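Using the sequences and the hints, build the whole thing.
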Amino acid sequence: MANVVFNEPLCKGCALCVSVCPKKIVSLSKRSNEKGYFVAEVKDMSLCIGCAACALMCPDVVIEVSR
Amino acid sequence: MSERILMKGNEAVAEAAVRGGCRYFFGYPITPQNEIPEYMSKRLPEVGGAFIQAESEVSAINMVYGAAGAGGRAMTSSSSPGISLKQEGISYIAGAELPCVIVNMVRSGPGLGGILPSQGDYFQSVKGGGHGDYRMLVYGPASIQEAVDITYKAFEKAEKYRIPVMILGDGVLGQMMEPVVLPEMTDIASIPVKEWATDGTKSGKDRRIINSLYIEADVLEGMNNKFAALYERMKAETACETYLADDAEIILTAFGITARIAKSAVDILRESGVKAGLIRPITLYPFPSDIYAQYAAKKTVKQFITLELNLGQMVEDVRLAVNGAKPVDFYGRSGGNIMSPEETVQQVLKKIK
Amino acid sequence: MQKVFQKSALLTDTPFHYCPGCTHGISHRITAEALEELGGKQGIIGVAPVGCAVFAYNYFNCDIQQAAHGRAPAVASGIKRVCPDKIVFAYQGDGDLASIGMAETVHAAARGENITIIFINNAIYGMTGGQMAPTTLIGQKSTTSQGGRTAALQGNPIRICEMLATLDGASYIARVSLHDLKSVVAAKKAVKKAFDYQVAGKGFSLVEILSTCPTNWGMTPENSMEYVKNEMTKVYPLGVFKEV
Chain A
5 MANVVFNEPL CKGCALCVSV CPKKIVSLSK RSNEKGYFVA EVKDMSLCIG
55 CAACALMCPD VVIEVSR
Chain B
7 MSERILMKGN EAVAEAAVRG GCRYFFGYPI TPQNEIPEYM SKRLPEVGGA
57 FIQAESEVSA INMVYGAAGA GGRAMTSSSS PGISLKQEGI SYIAGAELPC
107 VIVNMVRSGP GLGGILPSQG DYFQSVKGGG HGDYRMLVYG PASIQEAVDI
157 TYKAFEKAEK YRIPVMILGD GVLGQMMEPV VLPEMTDIAS IPVKEWATDG
207 TKSGKDRRII NSLYIEADVL EGMNNKFAAL YERMKAETAC ETYLADDAEI
257 ILTAFGITAR IAKSAVDILR ESGVKAGLIR PITLYPFPSD IYAQYAAKKT
307 VKQFITLELN LGQMVEDVRL AVNGAKPVDF YGRSGGNIMS PEETVQQVLK
357 KIK
Chain C
92 MQKVFQKSAL LTDTPFHYCP GCTHGISHRI TAEALEELGG KQGIIGVAPV
142 GCAVFAYNYF NCDIQQAAHG RAPAVASGIK RVCPDKIVFA YQGDGDLASI
192 GMAETVHAAA RGENITIIFI NNAIYGMTGG QMAPTTLIGQ KSTTSQGGRT
242 AALQGNPIRI CEMLATLDGA SYIARVSLHD LKSVVAAKKA VKKAFDYQVA
292 GKGFSLVEIL STCPTNWGMT PENSMEYVKN EMTKVYPLGV FKEV
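Residue numbers (my numbering), protein chains in the order written: chain A, 5 to 71; chain B, 7 to 359; chain C, 92 to 335.
No lab work stands behind these hints: they were computed from the structure.
Keep in mind that a hint or two might mislead.
List time: in silico DSS-like cross-link candidates among lysine-lysine, alpha-carbon distance up to 25 Å [stated by the list, open to error]:
1) C:Lys177 with B:Lys208
2) C:Lys94 with A:Lys47
3) B:Lys200 with B:Lys166
Stretch-level coverage of chain B by chain C, calculated; a stretch enters the list once three of its residues show a Cβ under 8 Å from a Cβ in chain C [as the list claims (entries may be wrong)]:
4) 56-66
5) 77-86
6) 204-211
7) 217-226
Source: prediction; values computed, not measured.
Even for Gly, the Cβ is constructed at its ideal location relative to N, Cα and C.
The following block contains the structure:
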């Protein structure tokens with residue numbers, strides 16, 4: 005059981021989280037935030053192992069991880 | 007009260023600063039002010055303070071910025087080319103509303119110039135030598151005792167207005183010896199706590215920021231307007247000496263060391279029947295314009311003659327203050343040369359209309 | 092479930108102004124976390140530079156002074172004299188630290204100032220729009236080396252860590268990177284160690300962080316990371332250059 009929460013208004017869609025996820029479950033959505041960036045998301049949270057790789061790589065401290 | 011002792015100007019200024027609460031000094035060697043950092047390097051550790059011989063004047067003034075921002079009574083000194091290097095830092099200090107004291111024992115310029123005394127840094131000091139709309143409280147002491155008294159109070163003034171205070175001396179003032187009475191040592195514990203200082207004691211919403219960056223035009227204009235109001239309030243510090251000016255027809259005017267020569271010239275002129283007097287600004291910024299205007303309005307006053315160790319700088323402020331009411335003439339020497347009282351008298355007699 | 096990652100209390104809620112994928116944000120995070128891990132008993136005073144990180148005072152949740160361009164080590168030295176028991180750190184970029192502020196950097200290290208500098212080397216002037224930095228690689232294009240930097244025309248890149256490691260006043264000098272997860276974790280350890288050295292009173296510590304500038308490099312954030320890994324680390328090898 006793990007969960008990641010994206011603070012979407014802060015996301016800049018840089019996709020560094022996408023590049024480091026060992027489970028390849030993070031992707032950029034088709035949804036843009038107020039700044040106009042396509043925000044990162046996890047479609048199937050059941051696959052998340054809560055390793056926090058995405059959060060450690062995120063330059064904007066967008067992601068909170070629970071396990 | 008302590009006894010009268012004989013001291014060199016630079017050392018007297020340094021001791022006065024320590025007694026005024028200065029605990030942090032950052033300097034770089036340049037003639038003719040070297041005795042100030044030399045004295046401070048020995049003296050400050052004795053009173054629990056710190057001295058750094060910086061790698062440059064640029065670095066020294068930025069150490070002052072850091073120390074002043076952290077709440078310390080910080081000071082630097084230099085002479086003309088070194089003060090030029092400090093200008094960026096002085097502008098930042100003014101912009102960040104930090105109190106500090108800067109001593110300039112002026113030497114002759116431009117460029118590397120010479121090591122002999124001059125008053126060629128008047129414009130730089132009073133018109134804002136660095137970038138942007140800022141001013142300093144600028145003093146032009148004429149004796150070592152006056153320099154001591156001004157330096158002693160300078161930190162209090164700097165903290166009152168949160169501005170850099172400049173003491174504009176010259177090579178003569180720094181190098182000569184005169185008897186002085188030194189003031190009592192300030193009790194550091196009595197200095198009010200600075201609620202704005204970045205001393206690492208606060209965090210979160212109470213944390214403090216020292217900054218001069220305002221990206222939004224309206225916010226920056228607001229700061230500039232705040233500074234303008236501050237400089238208006240600072241006019242309360244205006245100080246000026248007059249000598250035999252009440253019935254004078256010819257008003258000599260000079261600041262700092264030149265004013266002492268002018269005073270002798272007034273005496274000689276009086277002896278030869280010329281009704282001469284003297285106006286000596288003690289604060290160069292704020293400039294005592296009102297005093298000049300008052301004398302300019304007097305029917306007895308026929309003419310002003312400004313004396314300076316430069317090619318004519320303060321004379322512009324005198325002309326602005328006199329505002330065309332009376333003629334304002336100028337006589338100056340430069341390159342490190344100093345006019346004698348007799349030479350001054352001759353020049354004054356030539357210029358009298 | 093327990094939180095395994097959340098934002099450090101030493102970062103404010105102000106969103107970073109940095110471009111998408113810029114590693115300044117990661118550097119801010121690891122610096123804040125390393126400071127937080129010191130325990131918060133000592134007060135902290137930061138110094139912000141001129142350059143992209145000029146607004147660092149909005150992000151670090153501690154007392155901060157904003158310094159003139161390149162002067163952060165001098166400002167930090169002044170602060171440390173007044174507050175010798177506080178943690179004092181400067182956060183500077185390559186133009187700030189290695190070009191206009193080189194004298195301040197070298198002499199703060201030589202004096203053994205008990206301060207910590209976080210040095211962001213992204214080989215370019217970011218804030219002003221991509222001009223050549225003292226650390227720009229040979230062959231790297233910038234707006235003032237448009238055909239690519241050449242040694243003959245623009246001179247050679249400067250290796251700060253190697254240079255500072257020769258100084259007796261330096262206590263801990265390390266170069267780290269942020270190009271992948273492993274390097275980010277190592278970078279934070281190095282930053283923490285630098286602060287530990289300051290707490291122990293050992294003198295000058297500096298961590299150089301190889302960073303990206305996707306906007307001015309004209310690369311995606313991911314490709315920028317590859318550039319750091321494949322090109323920058325060749326010129327700027329990672330490692331500890333001084334440890335006393």
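Legend entry - Hints violated by the structure (numbers, ascending): none
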